[in-house]
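Engineer: Chains C and E, in that order, are what the protein sequence lines are.
The first sequence runs 1000 to 1114 under my numbering.
The second sequence runs 75 to 183 under my numbering.
Read the hints as simulated data drawn from the structure, not as lab findings.
Fair warning: there could be bad hints in the mix.
What the hints assert, rightly or not - Keeping only pairs whose Cα atoms sit at most 16 angstroms apart, straight-line, the calculated EDC-like set for lysine to aspartate or glutamate is: (1) C:Lys1069 with C:Asp1037; (2) E:Lys111 with C:Glu1061; (3) C:Lys1008 with E:Glu90; (4) E:Lys124 with E:Glu140; (5) C:Lys1069 with C:Glu1014; (6) C:Lys1082 with C:Asp1037; (7) E:Lys170 with C:Asp1029; (8) C:Lys1070 with C:Glu1023; (9) C:Lys1082 with C:Glu1061; (10) E:Lys100 with E:Glu140; (11) E:Lys133 with E:Glu88; (12) E:Lys170 with C:Glu1095; (13) C:Lys1008 with C:Asp1107; (14) E:Lys111 with C:Asp1037; (15) E:Lys170 with C:Asp1058; (16) C:Lys1070 with C:Glu1095; (17) C:Lys1082 with C:Asp1029; (18) E:Lys133 with E:Glu90.
Please read these numbers as outputs of a predicted model, since none were measured by experiment.
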Amino acid sequence: DGGITQSPKYLFRKEGQNVTLSCEQNLNHDAMYWYRQDPGQGLRLIYYSQIVNDFQKGDIAEGYSVSREKKESFPLTVTSAQKNPTAFYLCASSVEQARGNQPQHFGDGTRLSIL
Amino acid sequence: QQPVQSPQAVILREGEDAVINCSSSKALYSVHWYRQKHGEAPVFLMILLKGGEQKGHEKISASFNEKKQQSSLYLTASQLSYSGTYFCGTGRNDYKLSFGAGTTVTVRA
Chain C
1000 DGGITQSPKY
1010 LFRKEGQNVT
1020 LSCEQNLNHD
1030 AMYWYRQDPG
1040 QGLRLIYYSQ
1050 IVNDFQKGDI
1060 AEGYSVSREK
1070 KESFPLTVTS
1080 AQKNPTAFYL
1090 CASSVEQARG
1100 NQPQHFGDGT
1110 RLSIL
Chain E
75 QQPVQSPQAV
85 ILREGEDAVI
95 NCSSSKALYS
105 VHWYRQKHGE
115 APVFLMILLK
125 GGEQKGHEKI
135 SASFNEKKQQ
145 SSLYLTASQL
155 SYSGTYFCGT
165 GRNDYKLSFG
175 AGTTVTVRA
């Protein structure tokens, strides 16, 4: 079955450490996204990519970095510059971005906490 | 800018109806609706597009008033499985979705 796989499910970060969250999709989608979700809040866009080797900052990109070297993969690195990284991180994909007229399919998320 | 959802929470008995509203201060090209169960990924319900086209769910309906930049989601004859948090996502001309803070729906037997 096609879908989006995020790993790990739970991740703990020490002070000053960079951590990388994995996101892989086998839906053959061009567009991929990373969102952050805090308790009681909606999803906020961190980064998005419309095509391989291209990505754009979302609304809260500071302290995060991404790469898109393969169509299937869009890893997110939470750097030490992100001072409040504790959140639920969701990866999503869609056929194309096209002004938001395509549904987004989400992975099961990674819950990141500070040690 | 995030769209504004109302109400924040609603409690229903099985079989009752509810309406969830989503409004934006910006011109919209599309409105998405998703449902999220606790600790799980959001699941796509439907998209409403500028011009009237609608894609999505059979048992849950929605409307999109382009002039007022508002959308409403209608939960009719609610079932226990309808419980969860409903998010609207508004599509703008910069190709990004902005999500509301969510409406928590609890359906009780």
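Engineer: Each hint: holds or not?
Structural biologist: Now the hints, each set against the structure:
no.	hint	result
1	C:Lys1069 with C:Asp1037	violated (29 angstroms)
2	E:Lys111 with C:Glu1061	violated (29 angstroms)
3	C:Lys1008 with E:Glu90	violated (36 angstroms)
4	E:Lys124 with E:Glu140	holds (7 angstroms)
5	C:Lys1069 with C:Glu1014	violated (30 angstroms)
6	C:Lys1082 with C:Asp1037	holds (14 angstroms)
7	E:Lys170 with C:Asp1029	holds (14 angstroms)
8	C:Lys1070 with C:Glu1023	holds (9 angstroms)
9	C:Lys1082 with C:Glu1061	holds (10 angstroms)
10	E:Lys100 with E:Glu140	holds (10 angstroms)
11	E:Lys133 with E:Glu88	holds (14 angstroms)
12	E:Lys170 with C:Glu1095	holds (11 angstroms)
13	C:Lys1008 with C:Asp1107	holds (8 angstroms)
14	E:Lys111 with C:Asp1037	holds (15 angstroms)
15	E:Lys170 with C:Asp1058	holds (10 angstroms)
16	C:Lys1070 with C:Glu1095	holds (12 angstroms)
17	C:Lys1082 with C:Asp1029	violated (31 angstroms)
18	E:Lys133 with E:Glu90	holds (14 angstroms)
The earlier numbered hints that this structure contradicts are 1, 2, 3, 5, 17.
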